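2 protein chains.
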Amino acid sequence: MPNFTRRDFMASAVGTGAALLATPYARAASDRRPIYQEIERRHDETVARLQAWVRQPSIAAENIGMQEGAEMMQRLALDAGFQQAEIIPTQGHPTVFATLDAGAPKTVGLYFMYDVKQVDPAEWSSPPWEARLVDLPGKGTVLMGRGASNQKGPQAAFLAALHAIRAAGRKPPVNLVLLAEGEEEIGSPNLPQAAHSPKVRAALSKCLGVFMPGNEQGPDGNVTIGLGAKGDIECELIATGERWGRGPAKDIHSGQAARLDQPAWHLVQALNTLVTPTGEPAIDGFTEHVKPLSATEQAMLDLLAARLDEAAAKETASTKVWARDANWRQALEDLVSRPTVTIEGLVGGYAGPGGKTTLPHKMSAKLDIRLVPDMTPEDIVEKLKAHLARRGFGDLDLVINGGFNYTTTTPADSALIRAQRSVYREYGIEALLWPRSSGSWPGSVFTGEPLTLAVGHFGLGFGAHAHAPDEYQLIESKNEKLYGIDDMVRSYVDYLYALA
Amino acid sequence: MPNFTRRDFMASAVGTGAALLATPYARAASDRRPIYQEIERRHDETVARLQAWVRQPSIAAENIGMQEGAEMMQRLALDAGFQQAEIIPTQGHPTVFATLDAGAPKTVGLYFMYDVKQVDPAEWSSPPWEARLVDLPGKGTVLMGRGASNQKGPQAAFLAALHAIRAAGRKPPVNLVLLAEGEEEIGSPNLPQAAHSPKVRAALSKCLGVFMPGNEQGPDGNVTIGLGAKGDIECELIATGERWGRGPAKDIHSGQAARLDQPAWHLVQALNTLVTPTGEPAIDGFTEHVKPLSATEQAMLDLLAARLDEAAAKETASTKVWARDANWRQALEDLVSRPTVTIEGLVGGYAGPGGKTTLPHKMSAKLDIRLVPDMTPEDIVEKLKAHLARRGFGDLDLVINGGFNYTTTTPADSALIRAQRSVYREYGIEALLWPRSSGSWPGSVFTGEPLTLAVGHFGLGFGAHAHAPDEYQLIESKNEKLYGIDDMVRSYVDYLYALA
Numbered sequence: 053m054p055n056f057t058r059r060d061f062m063a064s065a066v067g068t069g070a071a072l073l074a075t076p077y078a079r080a081a082s083d084r085r086p087i088y089q090e091i092e093r094r095h096d097e098t099v100a101r102l103q104a105w106v107r108q109p110s111i112a113a114e115n116i117g118m119q120e121g122a123e124m125m126q127r128l129a130l131d132a133g134f135q136q137a138e139i140i141p142t143q144g145h146p147t148v149f150a151t152l153d154a155g156a157p158k159t160v161g162l163y164f165m166y167d168v169k170q171v172d173p174a175e176w177s178s179p180p181w182e183a184r185l186v187d188l189p190g191k192g193t194v195l196m197g198r199g200a201s202n203q204k205g206p207q208a209a210f211l212a213a214l215h216a217i218r219a220a221g222r223k224p225p226v227n228l229v230l231l232a233e234g235e236e237e238i239g240s241p242n243l244p245q246a247a248h249s250p251k252v253r254a255a256l257s258k259c260l261g262v263f264m265p266g267n268e269q270g271p272d273g274n275v276t277i278g279l280g281a282k283g284d285i286e287c288e289l290i291a292t293g294e295r296w297g298r299g300p301a302k303d304i305h306s307g308q309a310a311r312l313d314q315p316a317w318h319l320v321q322a323l324n325t326l327v328t329p330t331g332e333p334a335i336d337g338f339t340e341h342v343k344p345l346s347a348t349e350q351a352m353l354d355l356l357a358a359r360l361d362e363a364a365a366k367e368t369a370s371t372k373v374w375a376r377d378a379n380w381r382q383a384l385e386d387l388v389s390r391p392t393v394t395i396e397g398l399v400g401g402y403a404g405p406g407g408k409t410t411l412p413h414k415m416s417a418k419l420d421i422r423l424v425p426d427m428t429p430e431d432i433v434e435k436l437k438a439h440l441a442r443r444g445f446g447d448l449d450l451v452i453n454g455g456f457n458y459t460t461t462t463p464a465d466s467a468l469i470r471a472q473r474s475v476y477r478e479y480g481i482e483a484l485l486w487p488r489s490s491g492s493w494p495g496s497v498f499t500g501e502p503l504t505l506a507v508g509h510f511g512l513g514f515g516a517h518a519h520a521p522d523e524y525q526l527i528e529s530k531n532e533k534l535y536g537i538d539d540m541v542r543s544y545v546d547y548l549y550a551l552a
Numbered sequence: 053m054p055n056f057t058r059r060d061f062m063a064s065a066v067g068t069g070a071a072l073l074a075t076p077y078a079r080a081a082s083d084r085r086p087i088y089q090e091i092e093r094r095h096d097e098t099v100a101r102l103q104a105w106v107r108q109p110s111i112a113a114e115n116i117g118m119q120e121g122a123e124m125m126q127r128l129a130l131d132a133g134f135q136q137a138e139i140i141p142t143q144g145h146p147t148v149f150a151t152l153d154a155g156a157p158k159t160v161g162l163y164f165m166y167d168v169k170q171v172d173p174a175e176w177s178s179p180p181w182e183a184r185l186v187d188l189p190g191k192g193t194v195l196m197g198r199g200a201s202n203q204k205g206p207q208a209a210f211l212a213a214l215h216a217i218r219a220a221g222r223k224p225p226v227n228l229v230l231l232a233e234g235e236e237e238i239g240s241p242n243l244p245q246a247a248h249s250p251k252v253r254a255a256l257s258k259c260l261g262v263f264m265p266g267n268e269q270g271p272d273g274n275v276t277i278g279l280g281a282k283g284d285i286e287c288e289l290i291a292t293g294e295r296w297g298r299g300p301a302k303d304i305h306s307g308q309a310a311r312l313d314q315p316a317w318h319l320v321q322a323l324n325t326l327v328t329p330t331g332e333p334a335i336d337g338f339t340e341h342v343k344p345l346s347a348t349e350q351a352m353l354d355l356l357a358a359r360l361d362e363a364a365a366k367e368t369a370s371t372k373v374w375a376r377d378a379n380w381r382q383a384l385e386d387l388v389s390r391p392t393v394t395i396e397g398l399v400g401g402y403a404g405p406g407g408k409t410t411l412p413h414k415m416s417a418k419l420d421i422r423l424v425p426d427m428t429p430e431d432i433v434e435k436l437k438a439h440l441a442r443r444g445f446g447d448l449d450l451v452i453n454g455g456f457n458y459t460t461t462t463p464a465d466s467a468l469i470r471a472q473r474s475v476y477r478e479y480g481i482e483a484l485l486w487p488r489s490s491g492s493w494p495g496s497v498f499t500g501e502p503l504t505l506a507v508g509h510f511g512l513g514f515g516a517h518a519h520a521p522d523e524y525q526l527i528e529s530k531n532e533k534l535y536g537i538d539d540m541v542r543s544y545v546d547y548l549y550a551l552a
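Protein chains in written order, with the working numbering: chain A, 53 to 552; chain B, 53 to 552.
Bear in mind the hints are in silico, worked out from the structure with no lab data behind them.
Subject to a maximum C-alpha distance of 25 Å in a straight line, what follows is the list of computed DMTMM-like cross-link-like pairs (lysine to aspartate or glutamate): (1) A:Lys-302 - B:Asp-172; (2) B:Lys-302 - A:Glu-288; (3) A:Lys-302 - B:Asp-386; (4) B:Lys-302 - A:Glu-175; (5) A:Lys-366 - B:Asp-447; (6) A:Lys-302 - B:Asp-377; (7) A:Lys-302 - B:Glu-332; (8) A:Lys-191 - A:Asp-361; (9) A:Lys-372 - B:Glu-294; (10) A:Lys-302 - B:Glu-175; (11) A:Lys-302 - B:Glu-288; (12) A:Lys-302 - B:Asp-272; (13) A:Lys-302 - B:Asp-361; (14) B:Lys-302 - A:Asp-361; (15) B:Lys-302 - A:Glu-332; (16) B:Lys-158 - B:Asp-83; (17) A:Lys-302 - B:Asp-522; (18) B:Lys-302 - A:Asp-522; (19) B:Lys-372 - A:Asp-303; (20) A:Lys-191 - A:Glu-532; (21) B:Lys-372 - A:Asp-449; (22) B:Lys-302 - A:Asp-386; (23) A:Lys-169 - B:Asp-303; (24) B:Lys-191 - B:Asp-272; (25) B:Lys-372 - A:Glu-294; (26) A:Lys-372 - B:Asp-449; (27) B:Lys-302 - A:Glu-362; (28) A:Lys-366 - B:Glu-294; (29) B:Lys-302 - A:Asp-172; (30) B:Lys-302 - A:Asp-377; (31) A:Lys-302 - B:Glu-362; (32) B:Lys-366 - A:Asp-303.
Computed from a predicted model, the values in this text were never measured in an experiment.
Can you make the complete structure from the sequences, with help from the hints?
Listed below in structure tokens is the structure:
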């Protein structure tokens, strides 16, 4: 999942459900009826296309099926009506770049990913590469498999919209520029290279914005629209006896601790300086460039606090209390506005069952640092280094593991977002605006220089368990609050018309 | 290896080497010549017996070949002349108890282990269960395999001594009581149960002491005699959101860190209170019962400092400096006299390549705490709990992982140790006395109540790479400072006569 957390988005909106489809919206869109009919007629084809896609694993982290995945992405684009689609090599896995010229006045950008997360098949109730249709109580028929929801399901639904438009004898109402990467799940290291290459950049610069198809419904049917994302740095702090010049340069019997320094304590002591006793970042100068929330953003938070369910959010987060014992409004503001330093993992020494009498020569902490405007990863890395050096921890290795993302912001009044809100309203859903996701993604490739485009996610569908076992895309909804795949396809048709 | 560190023991003794064998000792022991001849005659049989033993893996940690290992141990004892040998079940893996009544006035206890450490065969240059004879430059012909040195080689050499004595038409000069456990490598959890059962306790209580056969030569040929061991506690401190009542109770997206407390920071902050800025234990009251070294022990350290090679010790420890920048004499004293708190491993969250945007709900530290007289594990566990509770970390789980060992001390003037020194002298080696090993072992099963016996390790042989790949026992020495297997067998014959 492009690191957005959708589970907070559980407002009770102004009436939801497919039942509402029949009323104002359907009337307004009566000229699209032939397209809708094609969507229904082609339901099996849509599902079969998604199944075929899920059955092609492409795992960047394990270098499995990447060329095949890129070629499949290329074929999927050409089949859906893109006039050209090419595989662009990068320093890592290839990117697919495709364009569809509909002769329309407006052009819209699309950001896809064709890679998926790793799997442990033993953890799945249905084999992750078989894309079986499974009946799920309380939901309906789902397509289960790795990538079903993140992100092949929504992307396949978008492509199905293009198939339906063409089958109805129409042209898409906007021109399209598609950039599909194969490294989203490993932090998009080569996306900037691909997006900013002359040809792709020229095509993207004509777009009114870039969006990624996504399952934007929460489990209660509500939808939120994210207007930005935090930046982040995924890094690792590593203490070793060798670099420290103290303690052993190899793992040694723990009895030696009586006369040897321990790189592990050195790391613990360094880590301890990074946060306050209550766990807030304490890196020198960390908040120097933090911009306060605007009045508009504060107003969004007031609305979110009124409409979102705190108990449900606590249950989803599996917590009894918010940090600093914050109240609900404050917890939402924290989520949007606080930069953070998180320990993703501590790694080193003996990790097996029981104990082992060893004194490790190396110990490391994987850290995740989230940034808010106007912090930049470069500045924070420098501040972290200086902070450590100032306290006698200058010998620690700081390794950037990827996820070197900038903050992104898309205005609520951009064409991309206004069209989203209007389509959701047609379906009876008053989408909630979320000032900034607590997650991060490489959106700054589009929002930053030189493109400075609006970005967003869109799709009236439901999926779950991204990155986890039993990932699925809802196909036939038996839950009146959730939309199935055909409705999702329809939402893309409507969105393209709204953007036009 | 029963956690002694032998590598420090690199004094330049008063002349070493098999070449000296011909002189004073050989004359004194001329009545043992028929036994020595049997040792040489039975060389191939001795090696074959060790090979067969190594080829039977018994890995307690993986529950592999434990019953087979116990049965083999039983057969080995009976074959060597023990009149009775029985397998005693425990709550874990069985113990073997055997007795040899030679009608002698004195009785000596033997502590064996039939289990070995785990292996990763890929790391071995010779397959770990094949027990091949390999030519090693600078050493000679070695028998390579898991357990070859730790502890099957020395134990097989001891059994070979009994075979030789019998073959020469003699009876052993002392009666023997053997206790062989199968859980040494997992911290001997059931050794006390076995050793203190009525039958075994009654047999052991007649012993003048208990010794374990071992490769007591260092790589330069020198020998030290350990007079005690530190106690230890292997434990784990675990922070979880559930027990803390703060932060998540399951792993969650790291973006949530803006409004959730982190069990990982909670653990880091707790750990940080356990040591001073220079890494010394800072647990409240930790050193309350520490007994200063005696004048005799200080004198031993003076001698060790004069005779041991600091540069070699630093190289072995792979360090440039000792903790607290201690000089050599102080580093030796530290090793003997300092209680320690060591991080064996930090475990939790994401440990794979790169990063993963997760906020772990659980984080743990595996700790090794070494004790000196008169600290006890029970007292220190209570102090650790109180220390943590006092600082707001009372929610951390403290799990004892085993290695709950008491300190042990054996007087230098005990019969067991005096006999060792006299035998080594006969071989031209002035063994160095080491007040206390920095390692720990379940020796308090014998030294503590109710048995209060002297304990020690003995054996004039050389082996290496215990717990590591390419573990070996030296068989045919091509190094004039090191003894081969026949010499080692002979040293056991001599030791039994010296004890008698």
